[in-house]
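Colleague: Position in the first sequence (first residue = 1) + 14 = this note's numbering.
These are computed hints drawn from the structure, not numbers from a lab.
In this text the structure is predicted, and so the values were computed from the model without any measurement.
Don't take each hint at face value.
Keeping only pairs whose Cα atoms sit at most 30 Å apart, straight-line, the calculated DSSO-like set for lysine-lysine is [as the list claims (entries may be wrong)]:
1. Lys133 to Lys189
2. Lys140 to Lys321
3. Lys432 to Lys368
4. Lys189 to Lys66
5. Lys140 to Lys189
6. Lys152 to Lys189
7. Lys189 to Lys321
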Amino acid sequence: MRWSRYFLPTMKDTPAEAQIASHRFMLRAGMVRQNTAGIYTWLPMGLKVLSKIADIVRDEQARAGANEVLMPTIQSAELWQESGRFDAYGPEMLRFEDRHGRTMLYGPTNEEMITDIFKRDVQSYKNLPMNLYHIQWKFRDEVRPRFGVMRGREFLMKDGYSFDVDKEAAELAYKKVFISYLRTFRRLGLTAIPMQADTGPIGGDLSHEFLIQAETGESEVFFDSAISGDPAFTEDLTSDAELEAAFDRLTSAYARTDETHEASLFDAEVPEDRKVVSRGVEVGHIFYFGTKYSEPLGATVSNAGGKDVPVHMGSYGIGVSRLVGGIIEANHDDDGIVWPAEIAPFGVGIINLKVDDAACSAACDDLYAQATAAGLDPLLDDRDMRPGGKFADMELIGLPWVITIGPRGLKEGMAELKNRRTGEKHDVAVADVLGRLAAG
RNA sequence: CGGGCUGUAGCGCAGCCUGGUAGCGCGUUCGUCUGGGGGACGAGAGGUCGCGGGUUCGAACCCCGCCAGCCCGACCA
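Given these sequences and hints, build the entire structure.
Modeller: Structure representation (structure tokens):
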């Protein structure tokens, strides 16, 4: 992409409303614009990152055996009245009427709807286990939206739902998702620590939240530092036995948010030098809730004995749009964002220091073509601007690598290659720069 | 939803107290000089001063009402 043809409006000043780093940088780097409290438009570069995150989530859902569907944002109130949640869910749920006077709502979650979908077409345990998910916009009318996309009212979420014939099978499904989340977050460049959670308005009796550490996190977190060294964070587990063992290790160690924290237990279970007290951003939340929805909504299957039983369900959320902010919270410096490679909006930035110098522009165009051919997805800054602004903008948007070409170095056939994260700079022959980049 | 604050050009802000020609920096347009970390000079464009009402000869400014946004708290993926 050539910057001159890309809608990437950067800002030098920080809008007054942005308080935290991720919000500031997302506005300054031209990723989002706020429309009204807690509701944002995603501009091209922000959307690109959002899509990359969603694609990684999809990829990992597929690996875990889940099927993607797409349910609507707008729901009828009827199913919610059947489940009893229409009255139980507070004013956070946006309700309204259509022209016929039917009560509608903008879905804050989809348990009822997926249960209804399921029950129409699945009648036998032979079709189980089943895990269906979608990635869809949700709306929760938060009293006080803040922190940009980290706590908006409209947000993109992956929500998945598992269906099993009994509690034992359902718990295995839960554990599989638990482990798959570790891998998903790892690919996003994050260590998300699973913590024992309250089950909240979704309901149920087994629940974990996944939190990444960040100064600006909304929850206070307490955990045993030994957890983050567990091999389950870095290794892939294949057998059910390995998976269950990892689940047991991770869930038996102390890791709680302020909601469930018990100081006496923390003191008793965790040696002083392994105690971590910090803040975290919740990026995932999983629940096992048994037959809470299948019973009232009549979602039953025939079991092996020929008897109809309500399905055991779990639901599994990942805050996709929130992750964009969360990843920036965990990956930035004073100058801007520092993207993890896999979700960086472009693989490399190329700065043309002097666009009206024919040789310089030719060298940049050539390098741009090569980088494109190599699948690096480069962003070429071909704007007629002074160097200072270009450097500052490039740091702000945080691409992992930046190649700078200017007339001065070009006389010697040299370009500069800079690593955004480490700040290391090297003068490299233009002909070798992509090879050097590939070598790390 | 309690408490506090703010709405003036795309962004950041001054002006309001003490009513009288709407300003500054950045950005933006054109030109010239520039060109390795947000440059200089010159010339422009851009504003129903959040909305409605009131007071007044006259309101960005004073008064009343409303709306929106932000911060702290409670709440939340």
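Colleague: For each hint, tell me whether it holds in the structure or not.
Modeller: Tested hints:
In summary, the hint linking Lys133 to Lys189 is supported, as the alpha carbons are separated by about 24 Å, within the 30 Å threshold. For a cut-off of 30 Å, the pair hint linking Lys140 to Lys321 stands: about 13 Å separates their Cα positions. Of the pairs offered as hints, the one joining Lys432 and Lys368 holds, with about 18 Å between alpha carbons and a cut-off of 30 Å not exceeded. Restraint check for Lys189 and Lys66: the C-alpha separation of about 25 Å stays at or below 30 Å, so the hint holds.
At roughly 21 Å between alpha-carbon atoms, Lys140 and Lys189 fall within 30 Å of each other, so this suggested pair holds. With a CA separation close to 25 Å, the supplied pair Lys152 and Lys189 stays within the 30 Å bound. Taking the CA atoms of Lys189 and Lys321, the gap is near 26 Å; set against the 30 Å cutoff, the hint holds.
In this structure, none of the earlier numbered hints is contradicted; all agree with it.
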